[in-house]
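Visitor: So you can see what is in the structure, the chains are spelled out below.
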Amino acid sequence: MQRYLAFQIFRYAAILAALAVTLVPILWMVSMAFKPVGEWQATGAALTWIPKAPTLDNFRFIFGQSSSALIVALDKTAAMPIVSSLLSATIGTAIAMSAGTAAAYGLSRFGSGQNLPLALIQLRLFPPMAVMIPVMMMWAFLNIMDTWWGLALIYGIVTLPFAFWLMKTFFDDMPREIEEAALVEGCSRARVFWRITLPMMRAPLAAAALFVFILNWSDYLIALLLTSRNWVTIPVYMTSLSSSMTGQLYGAKAALGLIAAVPPVVLGILIQRHLVRGLTFGALKQ
Amino acid sequence: MSAAETLHDVAPMSPGKEAARLGFRLTLPAQILVLFISLFPLLMQLYISLTDWSPLAGTSWPQAWAMWNTFANYTDLIGDDRLWAALGRTGFIMAVCVPVEFLLGLGLATLFADDFPGKRVAYSILIMPMMVVPAVAGYMFYMLFQSGGPVNDLLAHLTGAPVTVAWLSSPTLALAAVMVADIWQWTPLMFLILLSGLVGVPEDQMKAATLLGANAWQRFLTIALPRMKAIMVIAVAIRVIECFKIFDTLYIMTGGGPGVATETISVYIYKITTGDLIWGYVAAIALAILVVLSVACLWAMRRLAK
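Protein chains in written order, with our numbering: chain A, 1 to 286; chain B, 1 to 306.
Excised from the complex, chain A in its bound form (with noise of 0.2 Å):
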């Protein structure tokens, strides 16, 4: 009995000392976010770990109201950054999910395209730094550099093997024996695929895509390479939030940290169950 009550306490301690390791980085932002010009950079007794005068001033400050103890004018609100991190994300994504799930589909039924599966494993694992010089130059090419189409486009296929391999396994894992009942009834297969596979599988699709999602929306690199002005994402935008006179702008920076940070948390948490499953290419499932 003693030795599991020490046990408990042991237990309960370790984990409380994690949580706080975890969520110090994530409150400093929060805290960070919302502090006045006079607080961000105050050292020693003056650092403040909860603002003293809270204010939403670093938020208006990022759409464009310049304010009063900020003597900076933005050339650029970041209005146009988010819009275009949601474009090339959704639209990243739907490539990816749509490509993905049929020649998941396509695999695990009628067993085509068996090459994919250490294709799309080979893609995932070299660094996009070692293919972006030839994909600058073919987007160049293309004329698509610096547009969210452009940035979609390159989203869609390096996101492709994680849409792929987590619904090949929900497809292998899904009860076959409505598809063929539908197949004896006489649809074709086709059909079979379009309006009794895919609505059964809204489910797991709706995770996978915003497994997807979250991937395309996190990425920096790529963007940094393939945006220069008109179409820079979240990221990039954030990193340009200082000025010669002022340095760093760090509540306005934080501020739009933390507008990039909440989607993915939120929808994480929405798709905790799968997480595992996408995380490892469907080789675990939880």
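Note that these hints are calculated values from the structure, not bench results. Just to be clear, a hint being listed does not mean it is correct.
Said to hold, decoys possible - SDA-like cross-link-like pairs, simulated, lysine to any residue; straight-line CA separation at most 20 Å:
hint : chain 1 : residue 1 : chain 2 : residue 2
1    : B       : 119       : A       : 7
2    : A       : 52        : B       : 153
3    : B       : 245       : A       : 124
4    : B       : 119       : A       : 270
5    : B       : 119       : A       : 6
6    : B       : 245       : A       : 11
7    : B       : 119       : A       : 272
8    : B       : 17        : A       : 186
Unchecked claim - Cβ-to-Cβ under 10 Å is the rule here; a few derived chain A residues that face chain B:
hint : residue
9    : 32
10   : 36
11   : 38
12   : 100
13   : 101
14   : 113
15   : 120
16   : 135
17   : 188
18   : 234
19   : 248
Heads up, the beta-carbon is just placed ideally off N, CA and C, and yes, glycines get one too.
We have chain A; now place chain B onto it with these hints.
Guide: Then chain B, alone, in the frame of chain A:
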């Protein structure tokens, strides 16, 4: 028996040809995308890696043959100390971060193996870091490690004396700081995967072992561990692959600096791609990495298959 054959058996009314044609059509878009992103880039990369071409060369890349230098880029690569240093640094980060993440993740997972009040909330919070956009995580740790920042503030509270360590401008401390950020963000991934493996261990076996007098440590070693082997290999493999690519958090925290103190292979390639613009040489490095990784991957898969 493959899936196609199974379907054929139960539905003899529709010919197998229909299935094959549909299967081909369904996989076609994915095949095209894979071909598009592997064939062209590889050929272009191979071509310009044999030349001195650069986007500043004044000619378009198809004319790069005018700057043909045969294998000069590849021989340069062997003597490129900065490249080898970057590779070594990437290996060092991997060798420290992956084991630390693994052990912390495994430790946390064992604490979560059975139910306790507050488990769900604690679990949801603990896996949050890996969902934070890596670039944003990089900025978080950039703020934390400022010399007047919260890390030093906490240390000052602990030691009772003011601490003004300039974490990100000291070569050794900057390297430590980027590793802390990596461990913060990716320990949750290890935790998540290892926990799902631990939960999969059959409970009756554990109970039987308890009845036979095995203590918790023995149960873990003899029953849980052998069953989790495959899952551990997967978790570590995923982190090794991703850690090799490390860029976002690190580049935002230090930009590879101070000097080249935190310059990893991705950061090095990024810098010579956008700064020095010697694309012929970059292509040679990139191709060399692709070849080495492919060989390593094949070797690893052969060994795993055994």
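Visitor: A separate judgement is required for each hint: does it hold in the structure or not?
Guide: Right, here's what the structure says about each hint:
For the given pair, residue 119 of chain B sits about 16 Å from residue 7 of chain A by alpha-carbon distance, which is consistent with the 20 Å threshold. At most 20 Å may separate the alpha-carbon atoms for a hinted pair to count; residue 52 of chain A and residue 153 of chain B meet this at roughly 17 Å. Straight-line distance between C-alpha atoms of residue 245 of chain B and residue 124 of chain A comes to about 11 Å, which keeps the hinted pair within the 20 Å bound. In summary, the hint linking residue 119 of chain B to residue 270 of chain A is supported, as the alpha carbons are separated by about 17 Å, within the 20 Å threshold.
Distance restraint check for residue 119 of chain B and residue 6 of chain A: the Cα-Cα separation of roughly 18 Å lies within the 20 Å cut-off, and the hinted pair is therefore satisfied. Restraint check for residue 245 of chain B and residue 11 of chain A: the C-alpha separation of about 34 Å exceeds 20 Å, so the hint is violated. For the hint linking residue 119 of chain B to residue 272 of chain A, the alpha-carbon distance of about 14 Å falls within 20 Å, and the restraint holds. Proximity of residue 17 of chain B to residue 186 of chain A is assessed by CA-CA distance (about 16 Å); at most 20 Å being required, the pair is judged to hold.
Hint on residue 32 of chain A holds. Least Cβ distance to chain B is approximately 6 Å, under the 10 Å limit. Annotation: residue 36 of chain A was flagged as interfacial toward chain B, and the flag is violated, the nearest CB pair being 16 Å apart, outside 10 Å. For residue 38 of chain A, the suggested interface contact is broken, since its CB lies about 14 Å from the closest CB of chain B, more than 10 Å. Residue-level restraint check for residue 100 of chain A holds (minimum Cβ-Cβ distance to chain B is 7 Å; threshold 10 Å).
A hinted interface residue such as residue 101 of chain A counts as satisfied when its beta carbon comes closer than 10 Å to some beta carbon of chain B; here the least separation is about 9 Å, so the hint holds. A distance limit of 10 Å between C-beta atoms decides the matter here; for residue 113 of chain A the minimum to chain B is near 3 Å, and the interface restraint holds. Look at residue 120 of chain A: its Cβ gets to within about 7 Å of chain B, closer than 10 Å, so that hint holds up. Restraint check, residue 135 of chain A versus chain B: the minimum CB separation of about 6 Å is within 10 Å; hint holds.
The interface hint given for residue 188 of chain A is met, as the beta carbon of that residue sits about 7 Å from the closest beta carbon of chain B, less than 10 Å. The beta carbon of residue 234 of chain A is positioned within 10 Å of a beta carbon in chain B (closest approach about 8 Å), and the interface hint is therefore held. For residue 248 of chain A, the interface hint holds, the least distance from its beta-carbon to any beta-carbon of chain B being 8 Å, beneath 10 Å.
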